[in-house]
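Enquirer: Just so you know, the protein sequences line up as chains R and Y, in that order. With the numbering used here applied, the first sequence corresponds to residues 7 to 327, in that order. With the numbering used here applied, the second sequence corresponds to residues 1038 to 1345, in that order.
A couple of the hints might just be wrong.
[To be verified] Straight-line distance between alpha carbons at most 30 Å, and here's what the computed DSBU-like set of lysine-lysine pairs gives:
#	chain 1	residue 1	chain 2	residue 2
1	R	131	Y	1062
2	Y	1066	R	130
3	Y	1059	R	130
4	Y	1057	R	135
5	Y	1063	R	130
6	R	135	Y	1066
7	Y	1066	R	132
8	R	132	Y	1063
9	R	130	Y	1062
[Said to hold, decoys possible] Footprint (simulated), chain R over chain Y, 3 or more residues, beta carbon under 8 Å:
#	segment
10	1142–1151
11	1155–1166
12	1210–1224
13	1305–1315
[To be verified] Here are the computed distance ranges between Cβ atoms for each label pair:
#	chain 1	residue 1	chain 2	residue 2	range
14	R	27	Y	1243	47 to 57 Å
15	Y	1086	R	140	25 to 35 Å
16	R	72	Y	1288	35 to 45 Å
17	R	234	Y	1086	30 to 40 Å
Hints in this document: simulated from the structure, not taken from any laboratory. Predicted model only: the values in this text are computed from it and were never measured. Just so it is clear, CB atoms sit at the ideal spot from N, CA and C, and this is done for glycine as well.
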Amino acid sequence: MLSFVLRRLGQSSVLVLIMSILVFVGMYVVSDPVAVLASDDFTEEDRIALASELGVDRPLMVQYFSFLSNVVRGDFGTSFVYNEPVLPLIVERLPATLEVAFLAIAIGLCIGVPLGIYSGLNRKKKTTKTISFLTTVGYSIPNFWQALLLILVFAVWLKVLPASGRGDTTTLFGIELSFFNLDGLRHMLLPAINLAIYKICMQTRLARSGTQEVMFQDYMTFARAKGIPRPRLIRRHLMRNILIPIVTITGLELGGLIAFSTVTETVFSWPGIGKLLLDSIHNADRPVVVAYLILIVMMFVVINFVVDVLYALLDPRIRYT
Amino acid sequence: METAVEQTMTSRPDKPEPTKWKRAKKVFKGHPMAIAGLIGVTLFILTAIFAPLIAPQNPYDLAKLDILDGLLPPGSRLYDGTYSVMGTDALGRDILSGVMYGLRISLFVAFTAVLVGSSIGVLLGLLAALRGGWVETIIMRAVDLKISFPGILLALMLLAIFGTGVDKVIYALIIGAWASKARLVRAVALSEMKKEYIDAARLAGLSDFRIMTRFLLPNSISPVLVVLPMSISGAIGAEATLSFLGVGVPITEPSLGLLIANGNDYLLSGKWWISIFPGLVLVAMVLCINVVSDRLRDHSNPYLRAKD
Chain R
7 MLSFVLRRLG QSSVLVLIMS ILVFVGMYVV SDPVAVLASD DFTEEDRIAL ASELGVDRPL
67 MVQYFSFLSN VVRGDFGTSF VYNEPVLPLI VERLPATLEV AFLAIAIGLC IGVPLGIYSG
127 LNRKKKTTKT ISFLTTVGYS IPNFWQALLL ILVFAVWLKV LPASGRGDTT TLFGIELSFF
187 NLDGLRHMLL PAINLAIYKI CMQTRLARSG TQEVMFQDYM TFARAKGIPR PRLIRRHLMR
247 NILIPIVTIT GLELGGLIAF STVTETVFSW PGIGKLLLDS IHNADRPVVV AYLILIVMMF
307 VVINFVVDVL YALLDPRIRY T
Chain Y
1038 METAVEQTMT SRPDKPEPTK WKRAKKVFKG HPMAIAGLIG VTLFILTAIF APLIAPQNPY
1098 DLAKLDILDG LLPPGSRLYD GTYSVMGTDA LGRDILSGVM YGLRISLFVA FTAVLVGSSI
1158 GVLLGLLAAL RGGWVETIIM RAVDLKISFP GILLALMLLA IFGTGVDKVI YALIIGAWAS
1218 KARLVRAVAL SEMKKEYIDA ARLAGLSDFR IMTRFLLPNS ISPVLVVLPM SISGAIGAEA
1278 TLSFLGVGVP ITEPSLGLLI ANGNDYLLSG KWWISIFPGL VLVAMVLCIN VVSDRLRDHS
1338 NPYLRAKD
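With these hints in hand, go ahead and build the complete structure from the sequences.
Expert: This is the structure in structure tokens:
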């Protein structure tokens, strides 16, 4: 296990390094920051002064290594728009994003897994066919349009839930959370449902195909022959075996969820990191974009790593050497 | 997998046409949803192709637009006496015509990107399986790198760097489409490589290129063909999302996503039709493709096929 952890750490650092080079070269070389920042009445001397102030007149390698050494020390530069260090800017918006993401995962698991197990156990029933069709519909509705529909129905027509913003928050351990606050929870509900619909469909399908596969295994036949009652059969024998793919994919999809939160947060004006990214792209605020992307890559590496370890813990047949 | 492979071996392009048609009929027989999806897809493609002939109005022709026709609800009578089935937007453009023209751009972008991206992916996957060694290592590491990153973020990042436009969106979606196909094809091709006909071809002194295109490709392509419709519907959704976020196609070539974005500002004031109709068409099209795609996938799964 230890050698596996070490090897994975090595691979992951190489991955982060490659991505940092790609992002850096992409963001800092393709477009010229001086052209973006300089106003029209700048003279040639002003431009050169600005370039040396930004450090972009140095060779590319030198620029990259100074960027890298700053990043290692936690300094991602200063935002052009907010004029604040980038890292705190992103970190203070992270709880808002994670909060919605976790609520969405919880909704997805609580609805998707039971629906999937039911469909897997009752292949021929009409309800199963309906569930299966509904998951296809759910997959087919683009996230952003779902969000618009939710706003139209719940905020414009029914007027029961707010359409945008975060509402009141409660401060817990210095972190602002909407979760423990009725108004905050009301604001959180629509974005969370928006992110959860895709999750529900995915979990239903995973649980269904898992159930179908496991039910035909010899150990299930044996367990049935032993006379184990059905609820226990489902809980102890079926659930444990279908959990492996579900945990893996849910974990891997956490990144996708945070990626899609850019869309959801933009539509609902939810002040998380996704909205920050999109605003920064529109404002050409490159330090923020670069920092966001590098942090996301790091997060992905951590998620993949945790999923691999969880995998080994859940399935004793998998042992890393 | 074995059955899928056998199937492709018999569906080599030099076989006569009727068997293919019969097999295609068998896939959809007894699955009314899938047939409905297939008809839907055909209708959408035809509408996109013939949009200039059947659309009530040319939404790009600014001279034809009348500002007095702006923001009319569905079913309203326009200034020139015609009726607007889906209503009009703020500039007085007929939504139905906008949707028909938008369909063209959405479909064009998605098809081009997926076909080019998948071809690149298939080629790289075959190359990895055939050559092995460092070629395989580089290709498969690149695949891992790509797959570890969500497509929509990658596209956002590329468009943030290179700017927006129809061509840029296509590039971004191509980069999103190749990796999964390379992985898929390599897996099948690796098992094909162990078979005797490849050894025979090698002994006959055929070049790597010929082995790849004439032997390995026809026998490894079927799993990719099965996931292709899903890729296309995914690309349609991705393009719509990017255009909705304002980093996709330009305002002069409005796709369905951009039409939805245009209506977004009017949604809160209750003028729902500007966003909802293009969205409904988008969903209907993606749904049709996905229903067909589900059927193809179930059919290609021998475990499920035995139970049909």
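Enquirer: Looking back at the numbered hints, which does the structure fail to meet, lowest number first?
Expert: Those not satisfied are hints 10, 11, 12, 14, 17.
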